[in-house]
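Engineer: Here are the chains, one letter per residue:
Protein chains: 2
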Amino acid sequence: MFEIEQREIINVPENIKNILRKEIGEYKVLDDDMDRLLYSYDATRIKMLPSVVVIPETEEEVRKVVSICYQEGIPVTPRGAGSGYTGGALPVKGGVLVSFEKMDRILEIDEENAVARVQPGVVTYKLQQEVEKRGLFYPPDPASYKFCTIGGNVAENAGGPRCVKYGVTREYVMELNTVIYSGEIIHTGRPTLKDVAGYDITRVLIGSEGTLGLFTEITLKLIPKPKASKTVKAIFSDIASVGKTVKDIFKAGISPSALEFMDKLAINAVEDFGHFGLPRDAEVLLLIEVDGHPKALEEEIVEVARICELNGASVEIAQTDREAENLWTARRSLSPAVSKLGRVKINEDIVFPRSYLPEALPQLRDIGKRYNLKMVNFGHIGDGNVHANFMISGLDPDELKRTEKAVEEVFDLALKYGGSITGEHGVGITKASFMKKMFKPKEIEIMRGIKSVFDPEGLINPGKMGL
Amino acid sequence: MFEIEQREIINVPENIKNILRKEIGEYKVLDDDMDRLLYSYDATRIKMLPSVVVIPETEEEVRKVVSICYQEGIPVTPRGAGSGYTGGALPVKGGVLVSFEKMDRILEIDEENAVARVQPGVVTYKLQQEVEKRGLFYPPDPASYKFCTIGGNVAENAGGPRCVKYGVTREYVMELNTVIYSGEIIHTGRPTLKDVAGYDITRVLIGSEGTLGLFTEITLKLIPKPKASKTVKAIFSDIASVGKTVKDIFKAGISPSALEFMDKLAINAVEDFGHFGLPRDAEVLLLIEVDGHPKALEEEIVEVARICELNGASVEIAQTDREAENLWTARRSLSPAVSKLGRVKINEDIVFPRSYLPEALPQLRDIGKRYNLKMVNFGHIGDGNVHANFMISGLDPDELKRTEKAVEEVFDLALKYGGSITGEHGVGITKASFMKKMFKPKEIEIMRGIKSVFDPEGLINPGKMGL
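Going down the list, the protein sequences come from chains F and Z. All residue numbers for the first sequence refer to UniProt numbering, where the first residue is 1 and numbers rise by one. All residue numbers for the second sequence refer to UniProt numbering, where the first residue is 1 and numbers rise by one.
Misleading hints may appear alongside valid ones.
Which copy is meant is left open, because identical chains are indistinguishable; a pair holds if it fits in one copy or across any two.
[To be verified] Calculated lysine-lysine pairs in the BS3-like style (CA-CA distance at most 27 Å, straight line):
id, residue 1, residue 2
1, 64, 227
2, 295, 247
3, 405, 436
4, 442, 64
Quick caveat, the hints were computed from the structure, so don't treat them as lab data.
Please model the complete structure; the sequences and the hints are all you need to start from.
Structural biologist: Next comes the structure, spelled out in structure tokens:
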């Protein structure tokens, strides 16, 4: 699993490079070694060199690139910000890598219909800032939201803390323009809340990890910006009580806008990183946010605090927005903070049905102990999505072997409880070999069938998802 | 369009009937004329005779039926309650009709994870009652909710008034067991809020109108039951102000749990039907519900009333739950009430992006006038989903011709504004010929490709969706 290499590499011949240069412009077609290297990795730190990097500026240019490559049997791999954790943007078979960095415009924010039309390269945070100025809200907030792009978010069906209340990227995509193998643009979906004409091709494309086509325009649903929010910090001395607390909050009919946890190692990593004043001796920390109408909020936050206390936690309600923001900044710094704990971060994002958390979380922690690995657990516990990180040197063969076995046990644990091997990150190349754990051969055959409909020659982001 | 007939009818040979009887039980395989007639129509009133009706009681029996039929080249058409408006449950090519009426059990209501597992034949209202007893909520509420079934709701991706706030059936389906052509059961989805492993086959199946496989088990997401609700009745003297009011409500950051309108003809039809005390001389009536936390509600309903008044409406807030319930009973009786206005109801459910409603609604009404047809407009104006009904005798060839032209203009109007030809009812057979208005040839080719992956011989609910 950790020795993933490029295979069946296809280099772009000189004459095709020239055609690409002529058709879409010299400076948008890069093939020197440094450029190829710069586009050869993502957040997995696995390196795979493209033969050529193309940086289109218009939908029409994307159409031309795909059309030319497909006719010539050259693989095409789309790339957003390259912030993915499963290698989705890596050109497994070389060929052409299409970077969407220049297609980064917000084309329209239609306030009356609460809809935004964007190019795929728009940074998620930038869109969020623009719509919030207008009293609107685009909820999905992956940890990388300050640099990841909407195109990548759609391809991976990105999540984030707020998704426990607001749903994942899928719930906000209304329309897609997608360049498919034939070099044609298909338009799917409608900018309306309801539409049941034909198969739901839009939702086949969401989460398809760029393996079915290249998005060139995306219409997103926006919602009214919540009027206010409140945050509670709760410190627990055992992990089972945390699971119970999560259950009790939902049972009380409260739908938190974020419900995050971090274990002791995660808390200490964050404190080493930024000195946020989190309690270093706490076994587990929960951060719980509720949002909505200010009057409803007052009652709900007190109820949340009470539930935490009843489960043995020591609780603090953030008194000001600034205090709350400080807590969330601490939470958001987890990813870089944890990265400092080891040279290599093996970052899994399994999911459990909520009610099994009290039972599953101690078992999860036990896996790290049994394999004698530095394991940091945190994540979106409100929706059962746990980030299990193994921090390793990556240089010791025995450590690598133990990590491989531990990761497999982590997946088995999630599947034992009817969960999933990935809640947010996707399958890409790093989880490809685990698809058969989760799906029956016929189910994978159906997925392969769909892949063939969109990509008969297997040239669109090949080598991904185990398909 | 109104002369849809069965074609390429395949009768089930005696020996296959005997195999079916032997495999799944004598009394579950019906082929006398009366039984076939009883299962030959749906809410379109178009009649299409199946050769055999099979009423399975278990998933295994469904599996056997599909397996036997597929091997023998016999079409299989699934049927829920037969309450659809586009002929989805009609056996266009004869063969075997599979009725899910006996697979009507709620298998599990998991309160801790807020999830329900049901058989496809469960009546939507029955499930709603059961989950509400437990403080949970299943929002989708098609007009037929007291008799339609969850299986049909999933197949058609059913909507209803509440969907403006809570989303359509799609948003609540977590897992599906589906019997496909090979007689195998595929399991898709997970009972978790997040899961991004593999293509989203669940959402390909939702809204596929039973053309890709037969659902045998469905896991649904539930949410906490809203604590309270309030209803406003607003009477308008012109239709453009109604469109403006809808826009203003959303602009104020209020997300109503229902926002319904009926025009004069609809109001009078309801009054003739049930004497609810609605104002017969009103040009348009809006019913607006907000739900949620009681304290937030008090403010929001007053704000809604104020917005209606500013737009020229005469407004009343229902003072008791009973008063509110009376208004919603009136709204729900619209379907049967309108049916009394003509022998045949041609019921279209187009969608507009919200902001175009003030402009589009008068044009819609104008279509009825120009073709000299009795036209009743009502529907879910909050999400732009308008039910445009032509009430005709169905016996006058000239009237039929005018209706056909009018319907085409209705669709053109929706598409002109970037809307859809169907928001809730699906395509089935009645809208099949209009698919090419909405989709490009390549888009339809992709849909046909997906159909082939799931149904290589074209035997699963054939003749639907123009595919």
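Engineer: Take the hints in turn and mark each one as holding or not.
Structural biologist: For each hint, the structure was consulted:
no.	hint	in the structure
1	64 / 227	neither (45 Å within a copy, 55 Å between copies)
2	295 / 247	both (24 Å within a copy, 25 Å between copies)
3	405 / 436	within (16 Å within a copy, 52 Å between copies)
4	442 / 64	between (35 Å within a copy, 17 Å between copies)
Hint 1 from the list above is the single one not met by this structure.
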